[in-house]
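Colleague: Protein chains in written order, with numbering that gives the first Met the number 0: chain A, 0 to 1030; chain B, 0 to 277.
No wet-lab data here; the hints were simulated from the structure. Backbone N, C-alpha and C fix where the C-beta goes; we use that ideal spot for every residue, glycine too. Don't take each hint at face value.
[Said to hold, decoys possible] Within a straight-line C-alpha distance of at most 30 Å, the following computed DSS-like cross-link-like pairs (lysine-lysine) qualify:
no.: 1; chain 1: B; residue 1: Lys-39; chain 2: A; residue 2: Lys-527
no.: 2; chain 1: B; residue 1: Lys-79; chain 2: A; residue 2: Lys-601
no.: 3; chain 1: B; residue 1: Lys-23; chain 2: A; residue 2: Lys-601
[What the hints assert, rightly or not] DEER-style ranges, computed between Cβ atoms:
no.: 4; chain 1: B; residue 1: Val-175; chain 2: A; residue 2: Arg-779; range: 26 to 34 Å
no.: 5; chain 1: A; residue 1: Gly-834; chain 2: B; residue 2: Gly-78; range: 43 to 51 Å
no.: 6; chain 1: A; residue 1: Ser-190; chain 2: B; residue 2: Val-171; range: 47 to 55 Å
no.: 7; chain 1: A; residue 1: Ser-190; chain 2: B; residue 2: Thr-40; range: 28 to 36 Å
no.: 8; chain 1: A; residue 1: Pro-539; chain 2: B; residue 2: Asp-275; range: 50 to 58 Å
no.: 9; chain 1: B; residue 1: Val-171; chain 2: A; residue 2: Glu-617; range: 57 to 65 Å
no.: 10; chain 1: A; residue 1: Asp-411; chain 2: B; residue 2: Val-175; range: 55 to 63 Å
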Amino acid sequence: MRNEFLQFFVKPGAGLSKCLAKLSLIAFFALFVVAAHAQTQVKGRVVDDQGKPLPGVSILVKGTSTSTTTLGTGNFSIAVPTSNSVLVFSYIGFTSREVPVRNQTEINVTLLPSAAELEQVVVVGYGTQRKESVTGSVANISGDRVREIPAPNVAQAIQGRIAGVNISQTSTKPGATMQILIRGQRSLSASNDPLVVLDGIPFPGSIGDINPNDIKSLDILKDASATAIYGSRGANGVILITTNRGQQGAPAKVSYNSYTGLQTLFAKYPMMDGPEFVALRKAAGLFTTNGADESNDVNTDWQDLFYNKSAVVTSHDVGVSGGSTTGSYSFGGGYYQNQSLIPTQQYTRYSMKASMDQQIASFLRIGFTTNNNYNLSEGNQLGVYGILSNSPIANPYNADGSLKRTIRMPQDESWIYTRELTKNLSDKWLNETRGFATYNSFYGEVNIPWVKGLKYRTNLGLDFIQSNNGNYTGVGIGSATATTVSTAGVSNSQTYHWTLENLLTYDRTFSEKHNINVVALYSAEQNKFNSSSMSARDIPSDAFQFYNLGQANGELTIGNGDYRLSGLMSYMGRVMYAYDNRYLISATIRSDASSRLAPGHKWNTYPAVSVGWNLMNENFMKGITAIDRLKIRVGYGQTSNQAVNPYQTLGLLSSRPYNFGDNNYATGYYVSQLPSPGLGWEYSQTWNYGLDFSLLKSRLTGTFEYYVTNTKDILLGVALPSTAGVGSYTANIGQTQNKGWELSVNGNIFNDKGGWSWDVGFNLYANRNKLVALASGQTRDEGNAWFVGHNINAIFDFEKVGLWQAGDPYLNVLEPGGNVGMVKVKYTGDFDATGKPTRPIGAADRQIMDVDPKLSGGFNTRVAYKGFDLNVVGLFKDGGILLSTLYGSSGYLNLLSGRRNNVKVDYWTPENTGAKYPKPGGIASGDNPKYGSTLGYFDASFLKIRTISLGYDFNRSLLKDSRLKLRMYLTVQNPFVMFSPYHRESGMDPETNSYGDENAAVASVYPRRILTIGTNTPSTRNYVAGLNLTF
Amino acid sequence: MKRIHLNITLSIWLGMVVFSGCKKILEEEPRSLFTPDYFKTVTGVNGGLTAMYGHLRNMYGQAYYYNSLITGTDEATWGKDADGNFKDMDCSGVGSILSTSYPSSVLWGEAFPNINTASGVIENASAAGIASSLVAEARFFRAFDYFLLVQTFGGVPLDLGAGPLKFNTSPVRTSVRNTVPEVYTKAVFPDLLTAVADLPVAARVTGGVTKTLARLYLAKAYLTYGWWLQNPNNIPTYPAANRTDPDGHDANWYFQQAYDVSTAAIESPGSYGLVDTY
């Protein structure tokens, strides 16, 4: 075997000195030596502090790979090589013990439950750390808590559960992922998404590809002193996801987790019914003659005709894990399907996960993890705008009871679709995206024998993601014209990603007081993405769908292909030192070189340092019994985000068509973007101050943090004079700041008092986001709604102060051509001596309105009695602006003209002057009432109970002392919403359901980054029954 | 089993190490978009030239600009309801020619991007050894745009950011105007002289530029500049500049040059010559 490797190294062109990676390879193999030894037998029994036998305790002969586990009776037997051997007894939830064998042949051991808080280990990236020693801002949530909420992905499961991590819904379609913002947004044009690291390897995929059932724990690095180890990708925070692995020496364990739920409509979109619409049309007086299919005595509820009555969500997961004396394994498969209230719309995911660890010699361990999934999203072409805007007084049926193809309203003819029609058309009207992703990592770990505490590890990550979309719309579908030709399209994308990491870790305690942990890393990583698309018109046969575009009779369009290859090469070093568990310090330095930056600008270095002080370990605090733990932390670090896209520094040519003579067509290329070698990342500097406490024998624990993050060199488009040759360029110019505090508290109110236990936890956080500087001292960028001193997410619009009432002065001055009952907006101009405004209301009166909430948070409580437990999880938000395009002007559903159906609103009439909404048929701006956009802004506050779950643990009665463990539960998701002005008015779920540029009739009004409520799939309330079974 | 597993793991890993190469991952090579490096190839240079022909449409196909070429002559003048679109270019001096208002802004907006593209082609193509006849087309268009600019606005910047007549790689938000004689003697004349020398006699494409066309514009530029040196009507110039030629010639020298160049063109017209009825 060795010879093969030697041959490899002398291969011409391999370039031995080229890579550190190869040097490390030599180190790896130099240690590849196997040893052998002789043995004696020791037996005994392991019990807990109450004398009960402990099955499954892992017993290891220290310094060897020999190990075993206790049986159901707590008994064990193990071969030890010498009488000097030491046995290590370890069991989850108990403090490990080391027992020297000496000359004993029988050893009985009592294991004591560990004080969980003290022993808890958190993943900090490139290693783990005891929670007590952590000096950065790291939040941890276990897999079990993730699974308390039956959710398709991790982001949904942890929404509202971690202070400082704001997770917002961006779509209500099945399988949709969420927007995750850790401590606010800092970038104006680049991504604010955190870096996700799956089992140690930076994760290039969608978080929806990770099955929540596979998760062991989730650790979130929030401040720069913690994220600096990820350098140029650390600025948006880092989410470290660790998946389940088998346990060495543990017997095979089979687990089955399953739930099935019924999803019902949370609330219909609040549209007018027939009589309400007739009244509106009369009040507006604009469409006095009904359309050909309309009649005042008809009352059609188009939503009823369209939505499924209920939809099913199902999840099944099977897993087997266990271990031998020298290795462990874990395999699992999952199936998840989420149907939608919209017919034919659904998301299905099949996932497969496996991991294996194997001790090859006492100092050498290898292993791998593979996470795979295939997912299918169907029916995402279906929107509800058509349904909502259909006239409720239009009759969908012909006299013979058959469904009409279209309905004619006074001004519009609309194609109609119902639940049955959509299902019947599923072969002619479809859109499906099939994703396949495989994330794999391999590692080898060597305990370097002649240096105690020194470990070398190499990780290799190999990932592949594929997405394939196909869509087909048959003749006349979706169109008022029956002969509209069919269209079909196909698009594909692939991502290839590899990571190679070499890590040296030195972890040792000297003189029992000096605990030192040093990590050195070299890593290289490359990501390749490419995509292609094509579309065609007039497909000759419906049966073809999108499978043979080549036969199309109409126009064929080949989309622009996309190709992006980027690489990252890094060195990182970290030292963590603790003196006597009292004084803690962690210092990191990382250097990243990226292909995306121009030569000479590729390398950047990120320093970070944090310190902590465990006060309770000081002698002078010993007398205080009420406090168990008190730690003060301060950290500072610098990180950046990868704001520059591949090839962005190289300049760009755009195309311009031309013809030389009648038949010689040519494409010209001109310079549209200048090369800008100086372009770099956006740098965030964070100061973080933290306080961790644990009071009353750990019954009250919590963390308080305060942070300030300043981000500079933000990429901004800068206008250039025409004489530069291009109109604008991107430069590192802007500055933003995020400043905030976070509090999370967990309390145990009763602990098994008369059979009752009650735990309560909540988190509360506030983030103040503001723009500090734009380009060249500019303070306003009205086009992008960016204003210095305000949120990145700001709305620049008129501010509604009420409605104009009869007798209000100066209507004709402020609103020439206006009418009583129209929207009254704030006037900021001057008044003359008589108090008369000097000018009409105009663009100068627009106000800057901050969108971000004042305060956000979440809570959970668990009450247990005997085998029963009741869990409630909720989240809340206070302040900020909720943008609903249903009510605003961009949705075209609040026209107040009677042209098409309208959101049900309380509108002004001479008899109803106290209304919130303006007089129908009043002064308009385009198709909407003047200042109609101001009708879409709501107070974003809400409190939402996300789940109420009642479970029963059968091991407390039926299955006592059985190896079989069974828990069953019933959960209600989204049961109710409180304190939400929007919910009060509309009855709707107050959570956003769209990006700013989606699901509105005019999608270009708001920037994508501002989330809105638009015409997406309706929200659901779910009733779920599930079980967890292990044996 | 163990051994096999180990082998697979390691061989994949080794594969990565061997084939990745460490420095290589930091290099960029775009495959789905064009960068100015494309002008180092013949097809790229042809594409760049096509865009230069195309930019003429953005000016002469632009209704207001096109119209100003008529109303600004002695064939027509502004009427009762005329606005700046008609007045600005009118010989009667009732409007003002600004870089920020129609119709002159059309030229201002189109010329510099084209000049920059031309500079990109000239630099990259020359470095890559592309035929000088092709590069000469880019030189012709750069001179053509500078000639239009200098006639319309007076002196204009020759340095777009990276140095005089250089392809701009360093965006700057300020620019400095060169004087009229600088624009003629550093940009217009040298480019046109090279174009005359290197352009083919017969056009490469339908409507393509030729030696004769370059001579026509060179003669026109000599005449215009000679007249500027004489300045018989005492028209002010911007930015202020002495009416002396940096190359030490006088107006008559330029008129003579114009005559010589025109005569050469008339004698060997190539693709385009004077019409018979002239």
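Colleague: The structure should be examined with respect to each hint, and the outcome stated for every one.
Modeller: Verification of the supplied hints:
no.: 1; hint: B:Lys-39 x A:Lys-527; verdict: holds (26 Å)
no.: 2; hint: B:Lys-79 x A:Lys-601; verdict: violated (62 Å)
no.: 3; hint: B:Lys-23 x A:Lys-601; verdict: holds (13 Å)
no.: 4; hint: B:Val-175 x A:Arg-779: 26 to 34 Å; verdict: holds (28 Å)
no.: 5; hint: A:Gly-834 x B:Gly-78: 43 to 51 Å; verdict: holds (46 Å)
no.: 6; hint: A:Ser-190 x B:Val-171: 47 to 55 Å; verdict: violated (29 Å)
no.: 7; hint: A:Ser-190 x B:Thr-40: 28 to 36 Å; verdict: holds (34 Å)
no.: 8; hint: A:Pro-539 x B:Asp-275: 50 to 58 Å; verdict: holds (56 Å)
no.: 9; hint: B:Val-171 x A:Glu-617: 57 to 65 Å; verdict: holds (59 Å)
no.: 10; hint: A:Asp-411 x B:Val-175: 55 to 63 Å; verdict: holds (57 Å)
When each numbered hint is compared with the structure, violations occur for hints 2, 6.
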